[in-house]
Amino acid sequence: MKNTNEMEIIFDSFSSNEGFARVAVASFMTQLNPTVEEVSDVKTAVSEAVTNSVIHGYENEIHKVSIRCRIEGQQFTVEVRDSGVGIEDVEQAMTPLYTSKPELERSGMGFAFMEAFMDQVEVESELGKGTTVRMKKTIGKGRELWTTQSL
Amino acid sequence: MKYQVQENCLTIYLPREVDHHNAEDMRKNADTLIERNHIKFVIFDFEMTDFMDSSGIGVIMGRYRIVRLLGGEIWAVHANARIKKILTMSGMTKIMQIYEEDEV
Numbered sequence: 001m002k003n004t005n006e007m008e009i010i011f012d013s014f015s016s017n018e019g020f021a022r023v024a025v026a027s028f029m030t031q032l033n034p035t036v037e038e039v040s041d042v043k044t045a046v047s048e049a050v051t052n053s054v055i056h057g058y059e060n061e062i063h064k065v066s067i068r069c070r071i072e073g074q075q076f077t078v079e080v081r082d083s084g085v086g087i088e089d090v091e092q093a094m095t096p097l098y099t100s101k102p103e104l105e106r107s108g109m110g111f112a113f114m115e116a117f118m119d120q121v122e123v124e125s126e127l128g129k130g131t132t133v134r135m136k137k138t139i140g141k142g143r144e145l146w147t148t149q150s151l
Numbered sequence: 001m002k003y004q005v006q007e008n009c010l011t012i013y014l015p016r017e018v019d020h021h022n023a024e025d026m027r028k029n030a031d032t033l034i035e036r037n038h039i040k041f042v043i044f045d046f047e048m049t050d051f052m053d054s055s056g057i058g059v060i061m062g063r064y065r066i067v068r069l070l071g072g073e074i075w076a077v078h079a080n081a082r083i084k085k086i087l088t089m090s091g092m093t094k095i096m097q098i099y100e101e102d103e104v
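Protein chains in written order, with UniProt numbering: chain C, 1 to 151; chain F, 1 to 104.
Because the hints were derived from the structure by calculation, they are not lab data.
Don't be surprised by glycine CBs; every beta carbon is placed ideally from N, CA and C.
Hints may be right or wrong, so weigh each one.
[What the hints assert, rightly or not] A short, non-exhaustive set of chain F residues, derived as facing chain C with CB atoms under 10 Å:
no. : residue
1   : Tyr13
2   : Glu17
3   : Asn22
4   : Ile43
5   : Asp45
6   : Glu47
7   : Met48
8   : Gly56
9   : Arg68
10  : Gly72
11  : Arg82
12  : Ile86
13  : Ile95
14  : Met96
[Said to hold, decoys possible] Heads up, simulated DSSO-like pairs for lysine-lysine below, C-alpha to C-alpha not over 27 Å straight-line:
no. : chain 1 : residue 1 : chain 2 : residue 2
15  : C       : Lys101    : C       : Lys129
16  : F       : Lys28     : F       : Lys84
17  : C       : Lys101    : F       : Lys85
18  : C       : Lys2      : C       : Lys141
19  : C       : Lys141    : F       : Lys40
20  : F       : Lys84     : C       : Lys136
21  : F       : Lys85     : C       : Lys141
22  : C       : Lys101    : F       : Lys94
23  : C       : Lys136    : F       : Lys85
24  : F       : Lys40     : F       : Lys2
25  : F       : Lys84     : F       : Lys2
26  : F       : Lys28     : C       : Lys101
[Said to hold, decoys possible] Label-pair ranges, simulated between beta-carbon atoms:
no. : chain 1 : residue 1 : chain 2 : residue 2 : range
27  : F       : Val5      : C       : Leu127    : 44 to 50 Å
28  : C       : Ser100    : F       : Tyr99     : 33 to 39 Å
29  : F       : Thr11     : C       : Ile9      : 47 to 53 Å
Go ahead and model the full structure; you've got the sequences and the hints to work with.
Next comes the structure, spelled out in structure tokens:
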């Protein structure tokens with residue numbers, strides 16, 4: 001039986017909560033004994049997903065964003081969910097540099113960053129219902145190699 | 001956030017975390033200063049920064065678009081390994097110079 005652990009947080013979609021969200025997730029994942037790099041990767045990915053919910057999902061209205069984290073062995077899963085407007089074309093939304101709000105001077109790299117920093121990114125979205133971004137990352141890959149090298 | 005203007009050069013001392021939440025203010029303040037002081041060169045100083053997401057990239061790209069029209073340039077200084085990785089991944093290193101300080 002692998003060790004499992006779960007947590008869920010729900011918070012208002014204030015942009016000031018973006019920092020809180022990534023720190024909460026980072027602190028929950030420390031039990032996996034991640035490297036600094038792995039923590040930074042997850043923090044960046046969470047920040048991107050939550051920012052998307054705040055700006056695009058709720059278009060700056062204040063509603064609830066929820067984050068669920070699950071640990072299964074060395075696998076870390078984080079799910080960011082909003083009940084906002086939803087994404088019409090997920091594939092287009094995930095195209096690097098595409099942004100539906102060019103006037104906000106977004107870089108269009110949110111999903112590209114999530115994909116770069118996590119092992120797996122899945123998006124479920126329904127118009128008018130909301131969006132769930134599920135991201136997975138195996139923690140501790142190649143750590144042994146690294147430790148051996150330091151000798 | 002601190003800003004410094006020297007002739008036509010603006011230095012933006014970025015905060016510890018650069019995300020969507022504080023990108024807005026940064027953008028507004030920087031643009032006011034750029035316009036008022038005829039800024040051609042923008043230096044992003046990452047000395048205090050240990051976190052940046054794609055919102056920060058948006059801020060850099062936007063400032064680049066402005067000063068580029070005037071023949072200006074943008075620079076990054078004091079970027080740690082993490083920030084350099086983000087800048088490289090997002091292609092920012094193609095439009096901005098990363099200043100490597102000599103080890104003393």
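Consistency of the hints with the structure:
{"no.": "1", "hint": "Tyr13", "result": "19 Å, violated"}
{"no.": "2", "hint": "Glu17", "result": "6 Å, holds"}
{"no.": "3", "hint": "Asn22", "result": "9 Å, holds"}
{"no.": "4", "hint": "Ile43", "result": "19 Å, violated"}
{"no.": "5", "hint": "Asp45", "result": "20 Å, violated"}
{"no.": "6", "hint": "Glu47", "result": "18 Å, violated"}
{"no.": "7", "hint": "Met48", "result": "15 Å, violated"}
{"no.": "8", "hint": "Gly56", "result": "8 Å, holds"}
{"no.": "9", "hint": "Arg68", "result": "14 Å, violated"}
{"no.": "10", "hint": "Gly72", "result": "18 Å, violated"}
{"no.": "11", "hint": "Arg82", "result": "5 Å, holds"}
{"no.": "12", "hint": "Ile86", "result": "7 Å, holds"}
{"no.": "13", "hint": "Ile95", "result": "12 Å, violated"}
{"no.": "14", "hint": "Met96", "result": "13 Å, violated"}
{"no.": "15", "hint": "C:Lys101 <-> C:Lys129", "result": "20 Å, holds"}
{"no.": "16", "hint": "F:Lys28 <-> F:Lys84", "result": "24 Å, holds"}
{"no.": "17", "hint": "C:Lys101 <-> F:Lys85", "result": "25 Å, holds"}
{"no.": "18", "hint": "C:Lys2 <-> C:Lys141", "result": "17 Å, holds"}
{"no.": "19", "hint": "C:Lys141 <-> F:Lys40", "result": "45 Å, violated"}
{"no.": "20", "hint": "F:Lys84 <-> C:Lys136", "result": "24 Å, holds"}
{"no.": "21", "hint": "F:Lys85 <-> C:Lys141", "result": "19 Å, holds"}
{"no.": "22", "hint": "C:Lys101 <-> F:Lys94", "result": "24 Å, holds"}
{"no.": "23", "hint": "C:Lys136 <-> F:Lys85", "result": "21 Å, holds"}
{"no.": "24", "hint": "F:Lys40 <-> F:Lys2", "result": "18 Å, holds"}
{"no.": "25", "hint": "F:Lys84 <-> F:Lys2", "result": "21 Å, holds"}
{"no.": "26", "hint": "F:Lys28 <-> C:Lys101", "result": "17 Å, holds"}
{"no.": "27", "hint": "F:Val5 <-> C:Leu127: 44 to 50 Å", "result": "47 Å, holds"}
{"no.": "28", "hint": "C:Ser100 <-> F:Tyr99: 33 to 39 Å", "result": "35 Å, holds"}
{"no.": "29", "hint": "F:Thr11 <-> C:Ile9: 47 to 53 Å", "result": "37 Å, violated"}
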